[in-house]
Structures are given as C-alpha cells and as structure tokens.
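Participant: Here the protein sequences line up with chains G and Z, keeping their order. The end of the first sequence is residue 261 by this note's numbering, with every number in the run present. The end of the second sequence is residue 598 by this note's numbering, with every number in the run present.
Be aware that one or more of the hints could be misleading.
If you only want the chain G side, here are some residues facing chain Z, beta carbon under 10 Å, derived [unchecked claim]:
# : residue
1 : THR76
2 : SER79
3 : PRO80
4 : ARG84
5 : ASN106
6 : PHE108
7 : ASP122
8 : SER148
Hints in this document: simulated from the structure, not taken from any laboratory. Since the model is a prediction, treat every value here as computed from it, not as a measurement. Don't be surprised by glycine CBs; every beta carbon is placed ideally from N, CA and C.
Listed below, chain by chain, are the residues.
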Amino acid sequence: MIDTVARPTPMVEMSRIYKHFGGLHAVEDVSVDLYPGEVVGVLGHNGAGKSCLMQILSGALAASDGQIFVNGEEITLTSPQDARKYGIETIYQTLALANHLDAAANLFLGRELKTRFGNLDDARMFAEAKAALRQLNPNFTNLKDPVSCLSGGQRQVIAIARAIYFQAKVLIMDEPTAALGPSETAMVSNLTLRLKDEGIGIFLISHDMHDVFDLCDRVVVMNKGRNVGSFRIEDVNKDDVLSLIIKGTLPDDWTPRGTTK
Amino acid sequence: MSDLQAQRISRLRLGGAALHKLSAVATLLLLVMAFSFSSPAFLSVNNGLTVLLQTAVIGLLAIGMTMVIITGGIDLSVGSVLALSGVITGLAIKAGLPVLPGMALGVLTGALCGAVNGLVITRMRITPFVATLGMMMIARGLALQLTGAAPISRLGESFGLLGNGSFFRVVETQANGFPKVIFPGIPYPAVLLLVVALFGSYVLTRRQVGRHILAVGSNEEAARLSGVNVARTKIWAYTASGALAGLSGMVLMSRLVTVQPNEGVMYELDAIAAAVIGGASLMGGVGSISGSMIGAFIIGVLRNGLNMAGTSAFIQQIIIGIVVIGAVFIDQIRNRN
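The whole structure should be built from the sequences, with the hints applied where relevant.
Facilitator: If you want it as structure tokens, here you go:
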C-alpha cells in the first residue's frame with residue numbers, strides 16, 4: 001500500500017461501466033479495481049448504484065457498456081456461473097437461499113455433487129457442508145433442517161460458506177451484517193479479515209461506517225450512479241465519507257488526511 | 262440459545278410435514294372404513310382393483326402436476342392435452358401406424374404441448390395460469406377440430422390392451438363353457454402408475470433436476486443467483502407434466518377402446534386437488550410424489566365410495582370441493598405455525 005512503484009495487475013478491474021434501465025442511468029462511467037488481500041468498501045446511498053455495480057461483477061446483471069478484466073484479461077459475464085468460473089463469488093444481501101432446502105442443499109445449489117450414476121450424492125454434500133459450516137461456526141448443529149428454520153446468523157454463515165467453499169478469489173459481500181446481531185457481526189468481521197489474510201480480494205458493500213473503517217483498505221463512494229471518490233482509508237475520515245455519500249463532494253477544506261503520502 | 266430455539270421450532274415444523282402426510286393417510290383409511298360400512302360391496306378385491314384402475318389416470322396426471330406445482334406454477338392444460346394426445350394416437354393408428362408407435366406418438370404430443378407451455382411461461386414471461394389456460398383451450402380445440410368432435414372407434418383389440426389388460430388374471434372355464442373370473446388380476450394401469458410414481462419420486466429426490474425444481478419453487482431468484490438454470494428447470498417440469506398427460510390419455514382411451522375428443526374435461530382440477538391434498542403447496546417449494554399419490558387415492562376412493570353409496574354426481578362435486586378447501590386450509594395452518 002505504501003510504495004508508489006508501479007503496482008501489479010489488479011485481480012479485478014472494472015473499467016468505465018455503464019448500466020441503463022430504460023432511461024434510468026443506474027451506473028455511469030464507473031471504474032474500480034481490486035488487488036489480492038485487499039478489502040475495498042463500496043459505499044453510497046440506497047439507489048446510488050453500488051449494488052448494481054457489484055451485481056454486474058457477479059454476473060447477475062449485464063452491463064450496458066464497459067469492460068471487466070480479471071488478472072489483466074478481458075472477460076464477459078452473462079450469468080452467475082460465468083463469474084464463478086473466474087473465482088468471483090457473491091454473498092448477496094438477500095442471502096439467496098432456498099428456504100425449503102437444508103444447509104447442504106443450499107451450499108451446493110447449482111453445483112451439486114453427484115455419484116457415478118449421476119444421482120445426487122447427499123451423503124458427501126452433507127459431510128462437506130458440515131465441515132465447511134463448522135469451520136465458520138463451531139456451534140452449527142441443525143444441518144438437516146430447512147434453512148427457513150435457522151437463525152439469521154446461521155443463514156448468513158451458509159451464504160458465506162457457499163462463497164468460500166469453492167475457493168473464491170474475489171468475494172463480493174453485499175451488506176453482510178445488515179441483518180445480524182452484535183456477536184454475529186463480529187464473527188463476520190473476523191472472517192473478513194481472515195479471508196483477506198489468505199489473499200482473497202473483497203468488495204464490501206456496507207452502510208455501517210464502523211465496519212468500513214475497521215475492515216477496508218480503500219473506499220469507493222458512489223453517488224447517483226457515478227464514482228465520486230476512491231480513497232485509501234487513511235486519507236479520509238467518517239465526515240469526509242458521509243459528505244461524499246450525501247453531497248457527492250468532499251468538504252471544501254479537504255486535504256488528504258493520511259500521514260503516509 | 263437462539264440455536265436451541267431454532268432447533269426446537271424446526272423439529273415442530275418437520276413434525277408438521279410428516280403430520281400432514283400422516284393425516285392424509287389417516288383420512289384415506291377413515292374413508293375406506295366409512296364406505297365399507299355404508300356399502301358391503303365396497304371392501305372387496307374386485308372393487309379395490311376398480312379403484313386402482315380408476316385412480317391410475319388421475320394419479321399419472323398428479324405426478325406431473327406435483328412437479329409443476331413445486332416449481333410454483335400450475336398446469337391447467339393436462340385434461341385437454343390428454344384428449345389431444347388420444348386423438349393424435351387414434352388418427353395415427355387409423356392411418357396405419359401400429360399401436361405401440363401410435364401411443365408413443367401420443368405421449369410425444371403431450372410432451373410437446375408441455376414444452377410449449379414451458380416456453381411460453383419462461384420466454385414470453387406469461388404467468389403459468391394464463392399460459393396453461395391458453396393451452397387448455399388450444400389443445401381441446403385441436404382435438405375437436407381434428408375429429409370433428411366425433412369419437413374414433415374400431416382401433417383394434419390391441420389398442421385396448423393397456424387400459425384393460427392385467428397381470429395374474431385367473432379365469433376358469435366353467436362346465437357350461439362360460440368363463441368365470443376367479444381373480445381379475447392387477448390392472449396394467451395400476452402397475453404403470455406404480456412404476457411412474459417410483460420413477461417420479463426418484464427424479465424429484467435423487468436427481469439434480471429434482472433438486473432444482475424444489476429450489477426454483479422455494480426461491481426463484483436465489484436459484485438463479487446460485488447458478489440454477491431456472492428456465493430450463495421449468496420447461497423440464499411442464500414437459501414432464503405434458504408427457505404424463507399424454508400417457509394418461511393413452512390409458513384412458515385404451516380403457517374405452519375409443520378415442521373421445523371430449524374426454525378429460527376438468528381432470529386438471531382432480532390432479533391439482535390430489536397434489537394439494539397430498540401436501541404440495543401452491544406457493545411452490547413443497548410437495549412429494551408419495552403425498553400426491555395418497556391425495557389421488559383419497560379422491561379415487563371418495564368418488565368410488567360415493568358412487569357405490571348411490572350419491573349423485575352433483576353431490577360428489579360438492580363433497581370433493583369441500584375436501585380440497587379443507588386440505589388447503591390445513592396446509593395454511595401448518596405454514597402459519
């Protein structure tokens with residue numbers, strides 16, 4: 001972070017992304033990048049276009065214009081499966097869980113393990129899911145229950161386990177703590193730092209300033225579909241970020257607050 | 262603490278699902294007992310086999326219907342598709358095709374109608390109710406147009422085999438030369454129903470497409486984001502429903518040894534009722550083949566028993582209507598808890 005020598009190729013680079021819904025410009029000319037072992041906070045009002053931008057990267061939405069590069073190579077994403085092929089996994093704000101299925105079925109949804117005869121290998125999926133979930137939360141017990149019966153924290157754990165089980169290189173976390181209690185929020189924060197240490201690049205969408213300043217290395221602020229500022233976290237304080245989110249500009253008297261530059 | 266609570270709640274809920282199936286079985290047994298008392302002929306081997314035979318058609322329809330309902334959809338076209346499949350088979354046999362390929366063509370016709378349903382629903386984004394309502398009229402219209410609304414008969418004895426044949430039939434020739442049926446045999450349609458039900462249940466619980474059907478019905482957006490091909494899964498379910506409608510058309514027309522373009526009116530409602538009585542939720546995500554089979558037999562026994570007791574067809578409709586509402590009501594209470 002400190003050296004100003006030419007940085008390596010970013011893991012992910014989204015360049016000049018546009019997204020229109022009819023006449024509505026949800027994302028306009030936004031560029032962001034992400035390096036290994038880095039947490040980049042994507043901030044903004046509701047409707048500022050941050051979720052939309054991230055859904056373009058996760059393959060759930062198609063961009064109207066712009067380029068996406070993974071490790072310097074341009075890629076096209078037409079479905080969530082495409083994004084996964086490049087190691088881009090997403091934890092959706094809604095968690096994207098099928099309520100009537102159990103934890104294992106959800107964890108492997110769309111990527112089911114099969115036996116030689118093409119049958120579902122429920123035993124193996126259960127064992128793998130158990131190991132993956134216990135790793136995140138040792139108290140995870142009711143694995144065979146439909147996920148509608150689980151607590152918010154447990155559901156979140158399933159959504160996270162699903163993203164990291166398949167060796168994510170890039171993780172998009174869309175408001176991962178919005179529905180969680182304090183202890184569960186701490187669990188997710190610890191996990192985020194652990195994944196970062198493992199060299200996973202993380203885009204974190206959050207409303208919680210506390211989380212952002214605790215976890216992020218950089219922040220990207222969006223306002224009305226535009227990128228109104230990308231800063232290293234040391235260079236801004238909460239008031240600066242709030243000003244960007246609300247007004248779309250920095251306070252008039254702003255100078256980089258970081259001591260390293 | 263919250264884990265424990267959640268666990269406790271979930272146990273209750275799982276109990277609820279099993280309870281629903283159990284209560285359906287109990288209802289079925291209760292019906293059998295009640296009808297046995299009211300008419301002595303009800304509880305006999307012969308009548309039992311008749312119920313099997315009568316339920317086969319509704320049962321086959323209910324298997325496909327269950328899959329469609331689990332995706333959160335509905336297929337109103339099965340009754341008409343059944344008739345159209347029969348008509349196509351009848352015309353093909355009249356045109357000189359042997360019976361077996363003719364019937365295969367009928368099942369294929371059904372599958373094609375189902376596939377069209379699936380495509381209209383997924384590609385044109387028309388709600389299942391409207392799309393299959395349209396197909397219901399199109400298929401019925403086609404069946405009537407192709408035949409001029411007249412039945413097709415004299416299709417040959419082998420055409421009647423599927424619907425009228427049976428395994429282990431024991432017939433004795435009496436001294437006067439007339440045959441005497443000792444055991445009427447297990448009708449082919451009943452065996453067919455068993456085989457298809459087992460296969461349907463296998464697909465739904467052990468295959469990927471079955472898992473995806475459940476996931477799509479449970480949360481379509483989540484399934485899509487998880488990488489499930491939602492459109493393909495839905496098309497698969499409607500095609501299966503159409504093919505099974507075609508198959509039940511073969512059974513029904515074969516039983517009559519005549520193709521009737523007017524057959525199968527309102528059968529979709531019996532199939533939906535069977536699935537719902539068996540615990541399938543019209544909201545999607547919930548349902549099982551075994552449950553729907555119990556549901557089909559509840560309707561079958563109800564119809565048969567009321568007939569034996571001399572109840573008029575109009576009263577039967579009223580009673581079945583009340584049973585369906587009751588079943589959905591019980592389902593709602595279950596979901597509320």
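Participant: Now tell me if each hint is right for this structure.
Facilitator: Tested hints:
| no. | hint | result |
| --- | --- | --- |
| 1 | THR76 | violated, 17 Å |
| 2 | SER79 | holds, 7 Å |
| 3 | PRO80 | holds, 5 Å |
| 4 | ARG84 | holds, 7 Å |
| 5 | ASN106 | holds, 8 Å |
| 6 | PHE108 | holds, 9 Å |
| 7 | ASP122 | holds, 8 Å |
| 8 | SER148 | holds, 8 Å |
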